[in-house]
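In order, the protein sequence lines correspond to chains Y and A.
Count the first sequence with numbering that gives the first Met the number 0 and you get residues 0 to 285, in order.
Count the second sequence with numbering that gives the first Met the number 0 and you get residues 0 to 278, in order.
Honestly, I wouldn't trust all of these hints.
From chain A, some residues computed to sit far from chain Y (all C-beta separations above 12 Å) [as the list claims (entries may be wrong)]:
hint, residue
1, D81
2, W136
3, D198
Here are the computed distance ranges between Cβ atoms for each label pair [unchecked claim]:
hint, chain 1, residue 1, chain 2, residue 2, range
4, Y, P80, A, V82, 22 to 32 Å
5, Y, L112, A, E127, 51 to 61 Å
6, A, P100, Y, S9, 36 to 46 Å
7, Y, R163, A, V82, 15 to 25 Å
To be clear, the hints were calculated from the coordinates, so they are not data collected in a lab.
Backbone N, C-alpha and C fix where the C-beta goes; we use that ideal spot for every residue, glycine too.
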Amino acid sequence: MITPRKRATSQWLFWITGACALMAVLMLAGILFSVAIRGLGTIDWAFLTEPMKRGGLEGGIVHHLGGTLILVTTALLIALPLAAGFGITQELYCRRESLKEAMGTAIYLLNGLPSILFGIVGYLVLVKWAGWGKSWLAGGIVLAVMMLPTITVAFVERLRQVPRAQIQAARGLGLSRSQLCWSILLPQASSGLITGSLLGVARAAGETAPILFTAAIFSGATWPDGLRESPVLSLPYHVFVLAQDALDPEAQDRLWGTAAVLLGLVMFLSALALPLRLRIRRHETS
Amino acid sequence: MTSPTPILSVEQIHVTAGSTTILEEASFTVMPTGVHGLIGPSGAGKSTLLRCLNRLTDLDDGLKVSGDVRFQGESIFRRGIDVDGLRARIAMIFQQPVVFPGSIRDNVVFGARRVLRLSKAELAATTERALRQAALWDEVKDRLRSSAETLSVGQQQRLCLARGLALDPAVILMDEPTSALDPKSTEAIERLILELKEDRAIVLVTHDTQQARRLTDWLECVCVIDGAGRIVDSACCDAMFDSPKCREVADYLQMDWQQPSTPPLNSRVSDPTTERQNY
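Only chain Y is shown next, with the shape it has when bound in the complex:
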């Protein structure tokens, strides 16, 4: 029987949880709104397609946009196979439960490391020790390591949802582990790779600390033409530097414009993959 008191508690809970959800949505909306209202005015075709002039006070951000795309694409190309390999090793080939858990813990630890640490290690190992100098590849590799946990965790979660009955049936037909992997596991868990990649790319696109010492410079770079000593411009670093000139109203406009482009890029990536994810989910539920 539902007593009035129980009903009141239930009502309260509804309002509290509802308020929490609303708060999260409002925060997102607030950020989107404040970036949009300040930044959208600056964005036009020239801003997106012209190179930077006068230290970012004039011209556009084509090289920043391109640089960020180069960095995240490189990172994704490196991280995706690594994450797939890691997940498959952990779930398919690793028979010892303790080792499986250790692998899971390692990936969570990697996820928890501060991003500046990645930047410094990347700087010491790639820029200095390997002698690459600041390079888009160094930045891509550092961002790849940062993305790795995000993609791996999403992939492993999905791998664990593959029905055990299907694995048994496939092995029962005489499929080897690698055949099982290609025919059942990868197709069914690919949505995890996609989701993870999106989250990873979205995060990597906005990271400043990892590329600070490894790949990004503020000005003087256009398109990379080699591996060594070929830094790139990037959106988050541009925002970072412009924010230090916050008193200059010209810089302010450019700052918010760049921020809006960065935000738009991340949202565009998510939107791009949304139909794909929905299609996969529909396929799974049908």
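Chain Y is fixed; fit chain A onto it per the hints.
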């Protein structure tokens, strides 16, 4: 039971999980044709015993199997054996039909395509042969490309059978293949089992004693004694039912007799073709 050499001989299979013994020293032989039944109460280890026969137990963490199983004279536990090849020769049908995402055709050749590496033309021929053998061809020949999930559960189970048959196995292991099915689909599967047993061995786990009587030629009764599954009786089907050798078997069969839906044993006809009219 025409050939004197068994296709499978199970020698003292002993299965433990940690400190628990699941199955104790099970031994029996399976002839190259006919239906070999494993009956007994739930939880007695029938399914585990069945899974030992093509080493599917390897996939279960923490299960230790000792003893030996000889398939066509050779140990399936010997060093260097191609376990995947073994499983293709000894197919397994599960209690619940397991269809893979994809079309009916994809499902039929799922194993054959990868394990036998057939050409396109061979695959088409294999699809038709396997579906005909599984008595599913007429129902699906016009929609081989539609999703296998659109089939009824009974059809899905026959699809799983077709998928195994596409590999032309010498032995088919069936783990209560009709327990998830309606009477009509059960009848279809039972008719298939009787056809298929003519040229291959079928090892059938069931806890439906009527089904065992209808289908099997030889029976092993697996019961729990002192906490572990054990083969308590091994006899040809009629002998097991008419004169059970030990109390466990009698008790087990007795329990089933007392179920109201079951007609008394002596009134039942042993010819399976007439028996099926009950459905």
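**OP:** For L112 (chain Y) and E127 (chain A), compare the CB-CB distance with the range 51 to 61 Å and indicate the outcome.
**Re:** With Cβ atoms ~57 Å apart, the hint holds.
Original post:
Does the no-contact call for D198 (chain A) survive, Cβ to all of chain Y over 12 Å?
Top reply: holds (20 Å)
Original post:
Are R163 (chain Y) and V82 (chain A) spaced within 15 to 25 Å by their CB atoms?
Top reply: holds (18 Å)
Subject >> Given as non-interface: D81 (chain A), partner chain Y, CB spacing beyond 12 Å >> reply: It is violated; D81 (chain A) is separated from chain Y by about 9 Å at its closest Cβ, not greater than 12 Å.
Subject >> S9 (chain Y) and P100 (chain A) - C-beta distance against the hinted 36 to 46 Å >> reply: Because 40 Å falls inside the window, the suggested range holds.
**OP:** Look at the Cβ atoms of P80 (chain Y) and V82 (chain A) and judge whether their distance stays inside 22 to 32 Å.
**Re:** holds (28 Å)
Subject >> Least C-beta distance from W136 (chain A) to chain Y larger than 12 Å >> reply: holds (20 Å)
Violated hint: 1 only; the structure is consistent with all others.
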